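Peer 1: Residues per chain, in single letters:
There are 2 protein chains.
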Amino acid sequence: MFFAFATAAFRVSKSTVPSPLPDYIESRCRLVDAALDRFLPPSPTRPPTIHKAMRYSIFAGGKRLRPIVCLAAAEACGGRVGDAMPLACAVECIHTYSLIHDDLPCMDDDDFRRGKPTSHKVFGEGVAVLAGDALLTFAFELVARAKGWPRYSHAALVKDAAIASGSLFLIAGQVADLEGEGKKTSHAQLRYIHERKTSALLTCSIRLGAMSANATTAQLRALTRFGYNLGMAFQVIDDILDATKTSAQLGKTAGKDAKAGKATYISILGMKRAEAEADRYTRAAISALKPFGNQAHRLHQLADYLLKRQN
Amino acid sequence: MFFAFATAAFRVSKSTVPSPLPDYIESRCRLVDAALDRFLPPSPTRPPTIHKAMRYSIFAGGKRLRPIVCLAAAEACGGRVGDAMPLACAVECIHTYSLIHDDLPCMDDDDFRRGKPTSHKVFGEGVAVLAGDALLTFAFELVARAKGWPRYSHAALVKDAAIASGSLFLIAGQVADLEGEGKKTSHAQLRYIHERKTSALLTCSIRLGAMSANATTAQLRALTRFGYNLGMAFQVIDDILDATKTSAQLGKTAGKDAKAGKATYISILGMKRAEAEADRYTRAAISALKPFGNQAHRLHQLADYLLKRQN
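Residue numbers (our numbering), protein chains in the order written: chain P, 1 to 311; chain X, 1001 to 1311.
For reference, chain P alone in the conformation it holds in the complex:
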């Protein structure tokens, strides 16, 4: 599928040969990193502690998944990377703030993330809470710095970001996750958690990218459906990998959720039905891209890459 698609993309490309996906991802990561570095206050800015802590977590090896799909959604709608960049950086700031707070001793109590000590281990809990707060606040400053359109005013952009990361979505997911530990969880409850913890911010990243490109209403609706299904497929596959791979293969502790008494798609549905669920979401995500044709080839490649990943 991946290679068939890559060949198709190559065939219809008009003037330039599209770079292979890993090169594309790497160059996008570099662009996003450079933009984050330019946007964030420099480390020595008074008080240095908070700016060091903000940068420590932002530059702690994140895969930049949300900014990359944000930029690719903008491209799919014929927009410019520069117009989407403040929004791409904003969603990365929101994602990073949520990780810093989730890792706190009073939440998931994680000492390491991607092999590096978590914010509260390096800066202490007080500064970690404030670094999360500061990144969340800064995200909205970045949204305000983006380009607005008559159809997608700053009010619309801010509302989208605030709702996706607020008490009805991102935070609702974390609360439900905290409350679900050690309790019997139904399939519907698990879906509720992942729609909020994973899918909402991923969908928002894609929507903001589309909005920065002045997407039509139909384009925005299609990309919202793509984002939702991509996020859900991503999460089911995460659970499958967590249950089938070793810690060494994953680059993180395998089976952690199961050990913490958290429900997973495997514990609730079993492996076979979980795989069918992943397949269903994947097909729904890919089918949402149809109206875009070749313009969405990067989104298509990214979806394929994420859904066939081995770690």
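Worth flagging that the hints you see were computed from the coordinates, not collected in a lab.
Please read these numbers as outputs of a predicted model, since none were measured by experiment.
Hints are supplied without guarantee of correctness; some may be wrong.
Result set (DSS-like, lysine-lysine): computed pairs, CA atoms no more than 25 angstroms apart in a straight line [as the list claims (entries may be wrong)]:
id, chain 1, residue 1, chain 2, residue 2
1, P, K52, X, K1262
2, X, K1063, X, K1252
3, X, K1183, P, K121
4, P, K183, X, K1121
5, P, K147, X, K1159
6, P, K262, X, K1052
7, X, K1052, P, K184
8, X, K1159, P, K52
9, P, K147, X, K1147
10, X, K1052, P, K183
11, X, K1121, P, K121
12, P, K159, X, K1159
13, P, K52, X, K1183
14, X, K1052, P, K159
The hints should help you fit chain X onto chain P, whose structure is shown.
Peer 2: What follows is chain X alone, placed relative to chain P:
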């Protein structure tokens, strides 16, 4: 001064007799409370824990100082209360989030605020962190719901709120405060802390109110000066009251900062120079209102009331 001013306000009033200040404050508090109740998701909204926790702290007896000055600033510029209300509620959400996080065991570790158990004592630390996060996020949703003007677009409103509550102001103040505990603090450092911890959000409240009323550039500049000086005077007077009144008179533990090894205006300047400082800021605040004449009489009254308070 207070009565002389009240009489003057009475004399120039055209059609209606202005209500006495306590009645004005009470009626504004009722309006703000009703708006917050209308804006915030109802307690049973899923997941109820987070919405209960958000409402618990929002309705825990706050004096609504920031929303009241926000609305009064809008009035001073000829604006409407309804246009300023989402912004007034937004600054109250930001203020409340900052209190919830400041009270956490990893920060100031306070079990009570205004005689009621703090959020983490009622809901646990994890939910308290998330309730603060949710209120901060919701504040930006409210800013996005306010009325915009060509001169004061939503981008400008969001930027103002994000900068005042971000790593250069509100959060910078909290970091400097945390780091200053038990250390020798200079007058300049203490001013830096209070410019950020107290004055920045108060000034922002006033600026957002003025912006909601489509203030002229000169009006916005004058009210910014008013807000800064009001905030600083407010803080110096807080320190004076803390050093001279009993806990019973204050309705909170007196001398708490001094006991925690935190610098105060009294410990650094002594009582006499602290009083002179309060006087200087107060006069600067009042003088900033001059261009508004009687249109700013509520702001003038509020400043007088805050600066002559006994608790």
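Peer 1: Look at each hint and say if it fits the structure.
Peer 2: Each hint tested on the structure:
1. P:K52 <-> X:K1262: Holds. K52 of chain P to K1262 of chain X sits at ~24 angstroms (cutoff 25 angstroms).
2. X:K1063 <-> X:K1252: holds (14 angstroms)
3. X:K1183 <-> P:K121: holds (23 angstroms)
4. P:K183 <-> X:K1121: holds (23 angstroms)
5. P:K147 <-> X:K1159: Answer holds: K147 of chain P to K1159 of chain X is near 13 angstroms, not above 25 angstroms.
6. P:K262 <-> X:K1052: The given pair, whose Cα atoms are some 24 angstroms apart, holds under the 25 angstroms limit.
7. X:K1052 <-> P:K184: holds (23 angstroms)
8. X:K1159 <-> P:K52: Roughly 22 angstroms between the alpha carbons, so the hint for K1159 of chain X and K52 of chain P holds.
9. P:K147 <-> X:K1147: Roughly 19 angstroms between the alpha carbons, so the hint for K147 of chain P and K1147 of chain X holds.
10. X:K1052 <-> P:K183: Holds, at about 21 angstroms.
11. X:K1121 <-> P:K121: Distance of about 24 angstroms is within 25 angstroms: holds.
12. P:K159 <-> X:K1159: OK: K159 of chain P and K1159 of chain X at ~14 angstroms, within 25 angstroms.
13. P:K52 <-> X:K1183: holds (21 angstroms)
14. X:K1052 <-> P:K159: holds (22 angstroms)
Against the hints set out earlier in the document, no violation occurs for any number.
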